[in-house]
Amino acid sequence: NAGVMQNPRHLVRRRGQEARLRCSPMKGHSHVYWYRQLPEEGLKFMVYLQKENIIDESGMPKERFSAEFPKEGPSILRIQQVVRGDSAAYFCASSPGLDYQSSSGANVLTFGAGSRLTVL
Amino acid sequence: KNEVEQSPQNLTAQEGEFITINCSYSVGISALHWLQQHPGGGIVSLFMLSSGKKKHGRLIATINIQEKHSSLHITASHPRDSAVYICAPCYNTDKLIFGTGTRLQVFP
Numbered sequence: 001n002a003g004v005m006q007n008p009r010h011l012v013r014r015r016g017q018e019a020r021l022r023c024s025p026m027k028g029h030s031h032v033y034w035y036r037q038l039p040e041e042g043l044k045f046m047v048y049l050q051k052e053n054i055i056d057e058s059g060m061p062k063e064r065f066s067a068e069f070p071k072e073g074p075s076i077l078r079i080q081q082v083v084r085g086d087s088a089a090y091f092c093a094s095s096p097g098l099d100y101q102s103s104s105g106a107n108v109l110t111f112g113a114g115s116r117l118t119v120l
Numbered sequence: 001k002n003e004v005e006q007s008p009q010n011l012t013a014q015e016g017e018f019i020t021i022n023c024s025y026s027v028g029i030s031a032l033h034w035l036q037q038h039p040g041g042g043i044v045s046l047f048m049l050s051s052g053k054k055k056h057g058r059l060i061a062t063i064n065i066q067e068k069h070s071s072l073h074i075t076a077s078h079p080r081d082s083a084v085y086i087c088a089p090c091y092n093t094d095k096l097i098f099g100t101g102t103r104l105q106v107f108p
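Respectively, the protein sequence lines represent chains A and B. Residue numbers for the first sequence follow this note's numbering, beginning at 1 and rising by one. Residue numbers for the second sequence follow this note's numbering, beginning at 1 and rising by one.
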């Protein structure tokens with residue numbers, strides 16, 4: 001039962017290029033969350049997706065950033081025309097979904113190892 | 001205004017010491033996660049709790065919903081416990097709000 005798989009683990013891009021980060025959730029998990037950790041800063045929520053739906057994208061920058069979680073395949077976080085300020089670690093987490101309730105009423109999250117983006 | 005306050009921000013300890021990390025949050029939540037991030041960057045969820053106390057090995061987490069406060073305790077600390085510990089309250093749809101983290105270093 002593999003955990004949350006993120007790839008690539010490290011990605012280097014030049015300014016203006018596109019970055020695509022992939023996240024395969026745990027088997028049986030239908031909900032995916034993306035978080036960003038800027039250098040020397042804490043984690044920040046970006047987006048919450050279910051299969052083929054964006055549930056909450058309140059943490060996504062208004063431009064250049066998009067996320068999807070198609071019916072088949074991994075979730076993808078896409079950053080167009082990258083700038084140096086996009087350099088960060090991007091973490092993905094997955095959960096079983098709202099029909100699975102722990103005793104607290106909140107889902108159990110499992111994190112991926114992260115993808116580190118460096119923009120030159 | 002930070003919705004989640006952790007203290008201390010940095011903590012050093014000698015091996016064997018009892019460690020306490022505190023977390024206060026400002027609004028009602030459904031649950032709270034304690035996360036551990038090692039120097040390599042990977043994040044592990046240590047606990048998710050919504051009331052009372054949970055224990056796993058040398059780690060103990062408590063939460064007081066009325067006071068909006070949670071603590072993480074490490075008994076008999078060890079150098080391998082050195083990491084950043086992050087408090088993350090969970091609102092509604094599992095949208096986590098993260099504390100700034102407590103950087104713990106345990107020396108032999």
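No wet-lab data here; the hints were simulated from the structure. Just so it is clear, CB atoms sit at the ideal spot from N, CA and C, and this is done for glycine as well. Careful: at least some of the hints might be erroneous.
The calculated DSBU-like cross-link candidates involving lysine-lysine, where the alpha carbons are at most 35 Å apart (straight line), are [stated by the list, open to error]:
#  : chain 1 : residue 1 : chain 2 : residue 2
1  : A       : K44       : A       : K27
2  : A       : K51       : A       : K62
3  : A       : K62       : B       : K53
4  : B       : K68       : A       : K44
5  : A       : K71       : B       : K68
6  : A       : K62       : B       : K95
7  : B       : K95       : B       : K54
8  : B       : K55       : B       : K68
9  : B       : K54       : A       : K62
10 : B       : K95       : B       : K55
11 : A       : K44       : B       : K53
12 : B       : K95       : A       : K71
13 : A       : K51       : B       : K95
14 : A       : K51       : B       : K68
15 : A       : K62       : B       : K55
16 : A       : K62       : A       : K27
17 : B       : K55       : A       : K44
18 : B       : K54       : A       : K51
19 : A       : K27       : B       : K68
20 : B       : K68       : B       : K53
21 : B       : K53       : A       : K71
22 : A       : K27       : B       : K55
23 : A       : K44       : B       : K95
Partial list, derived from the structure: chain A residues whose beta carbon lies under 10 Å from chain B [said to hold, decoys possible]:
#  : residue
24 : S30
25 : K44
26 : F45
27 : E52
28 : P61
29 : F65
30 : G85
31 : D86
32 : V108
33 : F111
34 : G112
Not close to chain A: a few residues of chain B, all C-beta gaps over 12 Å, as computed [stated by the list, open to error]:
#  : residue
35 : E17
36 : Q66
37 : H73
38 : V84
How the hints compare with the structure:
Proximity of K44 of chain A to K27 of chain A is assessed by CA-CA distance (about 25 Å); at most 35 Å being required, the pair is judged to hold. At most 35 Å may separate the alpha-carbon atoms for a hinted pair to count; K51 of chain A and K62 of chain A meet this at roughly 22 Å. At most 35 Å may separate the alpha-carbon atoms for a hinted pair to count; K62 of chain A and K53 of chain B exceed this at roughly 40 Å. Between K68 of chain B and K44 of chain A the alpha-carbon distance is near 21 Å, which keeps this suggested pair within the 35 Å criterion.
For the hint linking K71 of chain A to K68 of chain B, the alpha-carbon distance of about 39 Å lies beyond 35 Å, and the restraint is violated. This hinted pair checks out: K62 of chain A and K95 of chain B have alpha carbons roughly 19 Å apart, not beyond 35 Å. A distance of roughly 22 Å separates the Cα atoms of K95 of chain B and K54 of chain B; the hinted pair therefore holds under the 35 Å criterion. Among the hinted pairs, K55 of chain B with K68 of chain B is consistent with the structure: their alpha-carbon atoms are about 20 Å apart, no more than 35 Å.
Restraint check for K54 of chain B and K62 of chain A: not satisfied, since their Cα atoms lie roughly 39 Å apart, outside the 35 Å limit. Of the supplied pair hints, the one linking K95 of chain B and K55 of chain B holds, its CA atoms being roughly 24 Å apart against a limit of 35 Å. For the suggested pair K44 of chain A and K53 of chain B, the alpha carbons sit about 26 Å apart, so the restraint of at most 35 Å is met. Proximity of K95 of chain B to K71 of chain A is assessed by CA-CA distance (about 22 Å); at most 35 Å being required, the pair is judged to hold.
Proximity of K51 of chain A to K95 of chain B is assessed by CA-CA distance (about 17 Å); at most 35 Å being required, the pair is judged to hold. Distance hint between K51 of chain A and K68 of chain B is fulfilled; the C-alpha atoms sit about 33 Å from each other, no more than 35 Å. For the given pair, K62 of chain A sits about 41 Å from K55 of chain B by alpha-carbon distance, which is inconsistent with the 35 Å threshold. Between K62 of chain A and K27 of chain A the alpha-carbon distance is near 31 Å, which keeps this suggested pair within the 35 Å criterion.
At roughly 27 Å between alpha-carbon atoms, K55 of chain B and K44 of chain A fall within 35 Å of each other, so this suggested pair holds. The straight-line distance between the Cα atoms of K54 of chain B and K51 of chain A is roughly 32 Å, inside the 35 Å bound, and the hint therefore holds. Straight-line distance between C-alpha atoms of K27 of chain A and K68 of chain B comes to about 34 Å, which keeps the hinted pair within the 35 Å bound. Restraint check for K68 of chain B and K53 of chain B: satisfied, since their Cα atoms lie roughly 14 Å apart, inside the 35 Å limit.
For the given pair, K53 of chain B sits about 39 Å from K71 of chain A by alpha-carbon distance, which is inconsistent with the 35 Å threshold. For the given pair, K27 of chain A sits about 27 Å from K55 of chain B by alpha-carbon distance, which is consistent with the 35 Å threshold. For a cut-off of 35 Å, the pair hint linking K44 of chain A to K95 of chain B stands: about 10 Å separates their Cα positions. Of the supplied interface hints, the one on S30 of chain A is violated, with its beta-carbon coming no nearer than about 12 Å to a beta-carbon of chain B, more than 10 Å.
The beta carbon of K44 of chain A is positioned within 10 Å of a beta carbon in chain B (closest approach about 7 Å), and the interface hint is therefore held. Interface hint at F45 of chain A: satisfied, since its Cβ lies 6 Å from the closest Cβ of chain B, which is below the 10 Å cut-off. Checking E52 of chain A against chain B: minimum C-beta separation of about 17 Å lies over 10 Å; hint violated. Using the Cβ-Cβ criterion of 10 Å, the hint placing P61 of chain A at the interface with chain B is not satisfied: the shortest such distance is roughly 17 Å.
Hint status for F65 of chain A relative to chain B: violated, with the closest Cβ pair at about 17 Å, above 10 Å. Interface hint status for G85 of chain A: violated, as the beta-carbon distance to the closest one in chain B is roughly 19 Å, over 10 Å. Checking D86 of chain A against chain B by beta carbon gives a least distance of about 17 Å; that is not within 10 Å, so the hint is violated. Hint status for V108 of chain A relative to chain B: holds, with the closest Cβ pair at about 6 Å, below 10 Å.
Interface restraint check: F111 of chain A against chain B, minimum CB-CB distance 4 Å, threshold 10 Å, status holds. Contact between G112 of chain A and chain B, as hinted, is supported at the beta carbon level, the nearest pair being about 8 Å apart and thus within 10 Å. Residue placement check: E17 of chain B keeps its beta carbon more than 12 Å from all beta carbons of chain A (closest about 25 Å). For Q66 of chain B, the condition that its CB be more than 12 Å from all CB atoms of chain A holds, with the nearest at approximately 16 Å.
Distance to chain A confirms H73 of chain B as a non-interface residue, since its nearest Cβ pair spans about 20 Å, more than 12 Å. Against the 12 Å criterion, V84 of chain B falls within the reach of chain A, whose nearest CB is about 9 Å from its own CB.
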